[in-house]
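Asks: Here's the letter readout for the chains.
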Amino acid sequence: MSQAEMVMGGGHGAVAEASPYGIPSRKLAMWLFIMADAATFGAILFAYGYVRLASPNWVRPFELGSIVNGLVMTVILLTSSLTMLGAVRAATEGKMAASQRWLGATMLLGLAFAGLHLREWFKMFGEGWSLSQNPTGGSTLFGGTFFSITGLHLLHVVSGVVALAVVALLFKRGRLHAAHVETAGLYWHFVDLVWMFVFPLVYLMNAR
Amino acid sequence: MKEPTLRGYTMVWAGLIAIVAVEAALTYAHLSTGTLLACLLALAFLEAAIGLLYFMHLRYERSILFWSIVPIMVFVFLFMDHIWPDALRLLHMRPPAP
Numbered sequence: 000m001s002q003a004e005m006v007m008g009g010g011h012g013a014v015a016e017a018s019p020y021g022i023p024s025r026k027l028a029m030w031l032f033i034m035a036d037a038a039t040f041g042a043i044l045f046a047y048g049y050v051r052l053a054s055p056n057w058v059r060p061f062e063l064g065s066i067v068n069g070l071v072m073t074v075i076l077l078t079s080s081l082t083m084l085g086a087v088r089a090a091t092e093g094k095m096a097a098s099q100r101w102l103g104a105t106m107l108l109g110l111a112f113a114g115l116h117l118r119e120w121f122k123m124f125g126e127g128w129s130l131s132q133n134p135t136g137g138s139t140l141f142g143g144t145f146f147s148i149t150g151l152h153l154l155h156v157v158s159g160v161v162a163l164a165v166v167a168l169l170f171k172r173g174r175l176h177a178a179h180v181e182t183a184g185l186y187w188h189f190v191d192l193v194w195m196f197v198f199p200l201v202y203l204m205n206a207r
Numbered sequence: 000m001k002e003p004t005l006r007g008y009t010m011v012w013a014g015l016i017a018i019v020a021v022e023a024a025l026t027y028a029h030l031s032t033g034t035l036l037a038c039l040l041a042l043a044f045l046e047a048a049i050g051l052l053y054f055m056h057l058r059y060e061r062s063i064l065f066w067s068i069v070p071i072m073v074f075v076f077l078f079m080d081h082i083w084p085d086a087l088r089l090l091h092m093r094p095p096a097p
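Keeping their order, the protein sequence lines are chains A and B.
Numbering of the first sequence is given in numbering that gives the first Met the number 0, commencing with residue 0 and proceeding in unit increments.
Numbering of the second sequence is given in numbering that gives the first Met the number 0, commencing with residue 0 and proceeding in unit increments.
So here's chain B without its partners, still in its complex pose (with noise of 0.2 Å):
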């Protein structure tokens, strides 16, 4: 598979640069705290997948690189996942602020 050209790159740079700007538009759009992190969180691993992808160049390496690098990174960010019931259990175990 071929390399983008810088002109290339320049387009995916320009992708991230608007990615961004959505983000921060969502930010003041007055959204729940949990609506925003959701947005934040998609917006924030579809940026990573771009720059993996192309800045990076997984896309134009072998497939096996990708597969022992991504699926096992889920994985960890999946089981790192189980804290958060913890957290809520701290919330509602701490006495309500003076």
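So here's chain A without its partners, still in its complex pose (with noise of 0.2 Å):
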């Protein structure tokens, strides 16, 4: 997009200065959006932190499978980011039935990702794990605060899965442009990058 597109991106002869990042609003939000969400990720894990150095009876419950899962998972993720990549790049080029095929393997992948969870998740329920319930005697605070940020995570991806076939949708009807796109895939990058902080401090440190 041109500068002189930015500028009158507003539309109906509007006069406004261009930005000074060189992105479009949409963009410049998304940004504010992924730092405040960053923020809020960050608390939960300081928390979680806090929490557990607080506790001389935690448990690591995560036997081998478990934490294959969870590998499972992160090379999920991290492949439903290059996916996006892909997407990005032929919606820039406008190869729109490309750039389709890219978001709906990126869906897929997500979609992958929050089944292997909700599976682990339902495995652990059935041993006995709850937010408030440890099977083994141990702090109860793992559950609380396992499920609150792995279920928090969940959530961002369910929604991106959402958010990625409504702008593949729009985008096929023309009624979005390639850097909406861009805008939806750093959102789905953000949620790939919180999972690199959650996977090595909630799954890994709690390996048995």
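Mixed in with the good hints, there may be bad ones.
[Unchecked claim] Here are the computed distance ranges between Cβ atoms for each label pair:
(1) A:171 / B:78: 42 to 48 Å
(2) A:64 / B:78: 35 to 41 Å
(3) B:36 / A:165: 24 to 30 Å
(4) B:65 / A:62: 37 to 43 Å
(5) B:33 / A:125: 30 to 36 Å
(6) A:56 / B:28: 22 to 28 Å
(7) A:132 / B:34: 30 to 36 Å
(8) A:41 / B:24: 23 to 29 Å
(9) B:34 / A:91: 41 to 47 Å
(10) A:162 / B:5: 18 to 24 Å
(11) B:16 / A:93: 27 to 33 Å
(12) B:59 / A:103: 39 to 45 Å
[To be verified] Straight line, CA to CA, 25 Å or less: simulated SDA-like cross-link-like pairs of lysine to any residue:
(13) A:94 / B:45
(14) A:94 / B:23
(15) A:122 / B:8
(16) A:94 / B:3
(17) A:94 / B:1
(18) B:1 / B:45
(19) B:1 / A:93
(20) A:94 / B:56
(21) B:1 / A:176
Worth flagging that the hints you see were computed from the coordinates, not collected in a lab.
This structure is a prediction, so every number in the text was calculated from the model and none was measured.
A virtual CB, placed ideally from N, CA and C, is assigned to each residue, including glycine.
Hints are included, so try docking the two chains, each in its own frame, into the full complex.
Replies: Laid out in structure tokens, this is it:
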């Protein structure tokens, strides 16, 4: 998008200064949202660290199977970021069909991540874990922190899949542009980036 | 600055997968909790930096965007670090487990 298009993007002859960041307002807004969400995840991860450090009877319940599941989930999410980049590149080059395929792949990978995550959750529920229960007799704060953190991330993943579906549909219909696909891609990469902290701190640090 | 091709992004992706593999290997390397935590955090920040710069294109945007985002987030996270002495105080105040 040219400088003039950015300035006049408000339409109707509105006169505005060009952004010093050289990006559209929607992209800057997404970055601001990402900063706020990063602070939220940071706070919840710090709170987890706090209660863990202050708990003398903290348990480390994850067997190798859970860690392998987590690794597969991590690879899936990283791959979805790659497919998202493919979608943005195809959209920018005007390749609608390719962009739709890449977006579809990203959504499928996101759903696969969510599916594996929920499978892990239900396995833990079956073993007696919950927000306030610890079947091993250790600190019940493990369940509270684990399900809160991973639940908040899972909510972001599912929301992201829904958002990508909407963007893909409206982009196909010509109501959104490649720049919108790029902005949605920023959110998706952020969700992946958060997992880069959640997985080692919550899963790997609690490996048996 | 020219953005990478999809091939280039695939190489970045491979690098991130390699970092995850290193994290998994360290988990089973019988390190002390503190050492493992430090290593995992360092690798996580490395992954985050790679993701921010390449996947989120921060490297290819104007530098003012980087300087508007990164320093303030570092400041926020550094301030959150003030809670650790209280966590240790709480740990030492607890009666021993029965």
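Asks: All hints, please: hold or fail.
Replies: Do the hints match the structure? See the list:
Between residue 171 of chain A and residue 78 of chain B, the C-beta spacing of about 44 Å keeps the proposed range 42 to 48 Å intact. Range check, residue 64 of chain A to residue 78 of chain B: Cβ separation about 38 Å, and the 35 to 41 Å hint holds. A hinted range of 24 to 30 Å for the beta carbons of residue 36 of chain B and residue 165 of chain A is inconsistent with their spacing of about 39 Å. Against the hinted window of 37 to 43 Å, the Cβ-Cβ separation of residue 65 of chain B and residue 62 of chain A comes to about 41 Å, which satisfies the hint.
Taking 30 to 36 Å as the suggested C-beta distance range, the pair residue 33 of chain B and residue 125 of chain A conforms, at roughly 33 Å. For residue 56 of chain A and residue 28 of chain B, the Cβ-Cβ distance of about 25 Å falls inside the hinted range of 22 to 28 Å, so the restraint holds. The hinted window of 30 to 36 Å between residue 132 of chain A and residue 34 of chain B holds, with their beta carbons roughly 31 Å apart. Distance hint check for residue 41 of chain A and residue 24 of chain B: the Cβ-Cβ separation is about 26 Å, which falls inside the suggested range of 23 to 29 Å.
Here the CB-CB span from residue 34 of chain B to residue 91 of chain A is close to 44 Å, well matched to the stated 41 to 47 Å. For the pair residue 162 of chain A and residue 5 of chain B, the beta carbons lie near 23 Å from each other, so the given range of 18 to 24 Å is met. For residue 16 of chain B paired with residue 93 of chain A, a C-beta distance near 31 Å keeps the hint of 27 to 33 Å intact. At about 26 Å, the beta-carbon gap between residue 59 of chain B and residue 103 of chain A misses the expected band of 39 to 45 Å.
Under the criterion of a C-alpha separation no larger than 25 Å, the hint pairing residue 94 of chain A with residue 45 of chain B is inconsistent with the structure, at around 33 Å. Proposed proximity of residue 94 of chain A and residue 23 of chain B is contradicted: the alpha carbons are some 38 Å apart, above 25 Å. The hinted pair formed by residue 122 of chain A and residue 8 of chain B fails the criterion: a straight-line CA distance of about 35 Å is larger than 25 Å. Taken as a hint, the residue 94 of chain A and residue 3 of chain B pair is honoured in the structure, with Cα atoms around 18 Å apart against an allowance of 25 Å.
Restraint check for residue 94 of chain A and residue 1 of chain B: the C-alpha separation of about 20 Å stays at or below 25 Å, so the hint holds. As the CA atoms of residue 1 of chain B and residue 45 of chain B are separated by approximately 22 Å, the hinted pair is consistent with the 25 Å bound. About 19 Å separates the Cα atoms of residue 1 of chain B and residue 93 of chain A, which keeps this hinted pair within 25 Å; it holds. Distance restraint check for residue 94 of chain A and residue 56 of chain B: the Cα-Cα separation of roughly 20 Å lies within the 25 Å cut-off, and the hinted pair is therefore satisfied.
As the CA atoms of residue 1 of chain B and residue 176 of chain A are separated by approximately 22 Å, the hinted pair is consistent with the 25 Å bound.
In the structure shown, a violation is registered for the earlier hints numbered 3, 12, 13, 14, 15, in ascending order.
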